[in-house]
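S.K.: Sequence:
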Amino acid sequence: MEMALREKLCAEDPGLLTSLMLQWASRDFPAAYEWTKTQAAGPWRNDIFARLAYLQAKADPLAGARIVVTEIPPGPARDEATLSVLHQWVLHDSEAASVWAESIPEGPVHQRAVAEIAGLKKISATPGQ
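Residue numbers (numbering that gives the first Met the number 0): 0 to 128.
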């Protein structure tokens with residue numbers, strides 16, 4: 000990571016740093032998470048936290064949700080991270096996901112969250128799914 004930043008490889012390939020981060024997080028999530036916290040606030044950091052939240056939510060949805068609400072400021076990155084974590088949460092525990100969705104303030108994200116839960120519940124209730 001440090002070499003990629005030092006050599007400014009990201010300027011040549013913007014997806015390189017993101018790809019490296021996700022590989023690192025899959026091997027050592029705590030270290031990747033702590034490193035991300037040291038980066039300058041901004042869109043790239045928000046995007047990485049959103050991706051880390053999703054990765055965490057695959058195993059522990061509550062931990063993924065904590066990343067969303069504590070590390071990502073309100074805005075589009077947080078909205079999308081909320082929905083990606085919610086999706087994973089529904090797959091693990093739809094009732095707990097519903098409780099979290101209801102805590103989201105009224106508005107477009109809340110509506111999308113409720114629709115996501117309803118859609119996933121409908122799919123899981125379909126025979127053969």
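Hint data in this document are derived by calculation from the structure and do not stem from the laboratory. Incorrect hints may appear among the rest.
[Claimed, not checked] Listed next, with one range per pair, are the computed distances between beta-carbon atoms:
hint, residue 1, residue 2, range
1, 14, 121, 32 to 38 Å
2, 23, 106, 30 to 36 Å
3, 98, 26, 29 to 35 Å
4, 26, 110, 26 to 32 Å
5, 33, 121, 38 to 44 Å
6, 125, 69, 34 to 40 Å
7, 22, 123, 30 to 36 Å
8, 73, 25, 23 to 29 Å
9, 105, 15, 38 to 44 Å
10, 34, 93, 31 to 37 Å
11, 123, 34, 32 to 38 Å
12, 62, 105, 33 to 39 Å
13, 59, 34, 15 to 21 Å
14, 109, 40, 23 to 29 Å
Beta carbons: idealized from backbone N, C-alpha and C, even for Gly.
S.K.: Hint by hint, say whether it matches the structure.
M.R.: Hints versus structure:
1. 14 to 121: 32 to 38 Å: holds, 35 Å
2. 23 to 106: 30 to 36 Å: Given range 30 to 36 Å: holds, Cβ gap about 34 Å.
3. 98 to 26: 29 to 35 Å: At 32 Å between Cβs, range holds.
4. 26 to 110: 26 to 32 Å: violated, 37 Å
5. 33 to 121: 38 to 44 Å: About 39 Å separates the Cβ atoms of residue 33 and residue 121, which means 38 to 44 Å holds.
6. 125 to 69: 34 to 40 Å: Since residue 125 and residue 69 have Cβ atoms about 36 Å apart, the given range 34 to 40 Å holds.
7. 22 to 123: 30 to 36 Å: holds, 31 Å
8. 73 to 25: 23 to 29 Å: Taking Cβ atoms as reference, residue 73 and residue 25 lie about 28 Å apart, which means the hint holds.
9. 105 to 15: 38 to 44 Å: holds, 39 Å
10. 34 to 93: 31 to 37 Å: For residue 93 against residue 34, whose Cβ atoms are near 33 Å apart, the range 31 to 37 Å holds.
11. 123 to 34: 32 to 38 Å: Given a distance of about 37 Å, which is inside 32 to 38 Å, the answer is holds.
12. 62 to 105: 33 to 39 Å: Violated, at about 26 Å.
13. 59 to 34: 15 to 21 Å: holds, 20 Å
14. 109 to 40: 23 to 29 Å: holds, 25 Å
Violated hints, listed in ascending order, are 4, 12; each of the other numbered hints is respected by the structure.
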